[in-house]
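Novice: Protein chains in written order, with my numbering: chain A, 1 to 338; chain B, 1001 to 1172.
One or more hints might be untrue.
Result set (DSSO-like, lysine-lysine): computed pairs, CA atoms no more than 27 Å apart in a straight line [claimed, not checked]:
(1) Lys2(A) with Lys1047(B)
(2) Lys2(A) with Lys39(A)
(3) Lys251(A) with Lys282(A)
(4) Lys282(A) with Lys1047(B)
No wet-lab data here; the hints were simulated from the structure.
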Amino acid sequence: MKQFSYIRAEDVAGAVAALSADPQARLLAGGTNLVDLMKYDVMSPATVIDINRLPLKDIETLEDGSLRIGALVSNAALAYDPTVIDRFPLLASALLAGASPQLRNAATTGGNLLQRTRCYYFYDPSSPCNKREPGSGCGAIGGVNRIHAILGTSASCIATHPSDMCVALAALDAVVEVEGPDGRRDIPFLDFHRLPGDEPQYDNTLAPDEMVVAIRLHPDHFAANHSYLKIRDRLSYAFALVSVAAAIDMKDGAIVDIRVALGGVAHKPWRNPLAEAECAGKPADEATFRQLAQRLLAGAQGQGGNDFKIPMAERTIIRALTQAASGTPQVQSEKAIR
Amino acid sequence: MLHADAERMAIPIVITLNGRQERLNVAPWVTLLDLLRGPMELPGTKKGCDHGQCGACTVLIDGQRVNSCLKLAVTLDGAEITTIEGLGQPGNLHALQQAFVDHDAYQCGYCTPGQICSAAGLMNEGHAHSREEIRELMSGNLCRCGAYTNIADAIEQVMGQRSGKSYKEAAE
Ligand SMILES: Cc1cc2nc3c(=O)[nH]c(=O)nc-3n(C[C@H](O)[C@H](O)[C@H](O)COP(=O)(O)OP(=O)(O)OC[C@H]3O[C@@H](n4cnc5c(N)ncnc54)[C@H](O)[C@@H]3O)c2cc1C
Ligand code: SF4
Ligand code: FES
Ligand code: FES
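With the hints as constraints, model all of the structure from the sequences given.
Specialist: Structural data, given as structure tokens:
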């Protein structure tokens, strides 16, 4: 790890001021991603701003019934919060599918959102990588790309966003509350992460001098019919090859509202709101789910090592939606997929 | 890293380590794991991967299990840290330490301090109510020797003792 200077921020204004003074500085929350990457010299900020003392550790229900989750709430605290379990079980389930109990104790909501790709070439400073070093090329295209993207890729980068939490937040249309020198603004979740295009060095649309202060969830949504289904090489403590956050509002077997977000397949959680809207009024059955899966995967392209993800994603979408429709969500401690 | 730089950039912190208050000056880039095994002379906590992937470095910070390899010590001002040495000592073993002995829950023993600290954290958290859940919630600790079955047995035994009946009965 390279040496750096350390600033302990006491409040949000102080952290934002320190970021504005040096946009190359990095915020440190749980450290489970940043410290890892600093040990590999993949990220080598000259200044690290410790935000762990900031008062962003609350989960509050707002007057309109929406839930506001502070950026420093740990992944474990969020997953086991009674309100989250009760009203947003899809989010709790996605969190428990990710990482390990130790990591979830340290990892924060903000850090999870901002975690970087697990692309092997990104992690290896001796390999070309346009995300780590713009213009150097992409080791994964034509290389080993079993874990890489099948949707929304570019000629510059085929990396995926590795988060489980974010897949559920995308399905739930969360809002990201950010603060910069000019104050606060809201970013709709689907606009927060971005596709790589020809600037894969940018994972998201946060400005360099802004930080995430909270995530907001709209009032009660999809508490009855939901499932988070994660397919991976081993059944715990492994990143998703494909994951699906599925949620349905149903009336008399017909779809009122349906959401499907995919993880492990793109540079951001993948959704198709138009195709979802077209499901309204249709029966919540396998034929509808298969159609929706095919719409979501339209244009999917394998890179050689990850071609298997296309049929796997279709089957996972259908299975997750079937689990959601029957009110039997995937249980994260039970490994059998039913 | 030059020694002089480390001294110049060192930042004062106060931590409670295994019940004892320690006033330290730490360079910002020192992890809790390296602080423990180096200056604190507590080599019970093990370095497996140094990247959050194995759990060998698990310790308790304010009662919560955490991978010490990914925690910068400088961020821990005011924290209470418990390592395997603080859980119990020969002659006065923690129930989990004794259960690991009883169940032969290791071969080489390298993962064991992390397993035991993790199990202590698991019990503090209180979210495991079945063997299946113990297994899932211990999945952050890898054992290269594959002692998993015996590890789960040892934890199950202690959890059963705590609730006053055998764990299998409790689950039924
Ligand atoms: C072995 C291993 C396995 C894992 N498995 C999974 C998995 O299966 N699923 C999964 O989803 N995740 C997994 N993770 C990733 C884990 O979830 C992330 O590392 C964690 O969520 C990051 O949170 P943190 O608070 O530790 O972030 P940090 O490491 O502190 O920060 C990460 C990044 O976010 C930035 N940041 C932090 N907070 C803010 C903020 N408030 N505003 C703006 N920027 C901010 C930092 O500057 C940094 O760039 C795994 C990690 C490891 C090490
Ligand atoms: S896929 Fe993206 S992150 Fe991976 S090597 Fe290519 S440019 Fe880098
Ligand atoms: S040494 Fe920390 S998790 Fe492996
Ligand atoms: S006992 Fe050898 S690694 Fe677990």
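Novice: Each hint needs a verdict: does it hold in this structure or not?
Specialist: Structure-based check of each hint:
Simply put, Lys2(A) and Lys1047(B) have alpha-carbon atoms about 20 Å apart, close enough for the 27 Å limit, and the pair holds. This hinted pair checks out: Lys2(A) and Lys39(A) have alpha carbons roughly 8 Å apart, not beyond 27 Å. Our distance criterion of 27 Å between C-alpha atoms is met by Lys251(A) and Lys282(A), whose separation comes to about 10 Å. Between Lys282(A) and Lys1047(B) the alpha-carbon distance is near 55 Å, which puts this suggested pair outside the 27 Å criterion.
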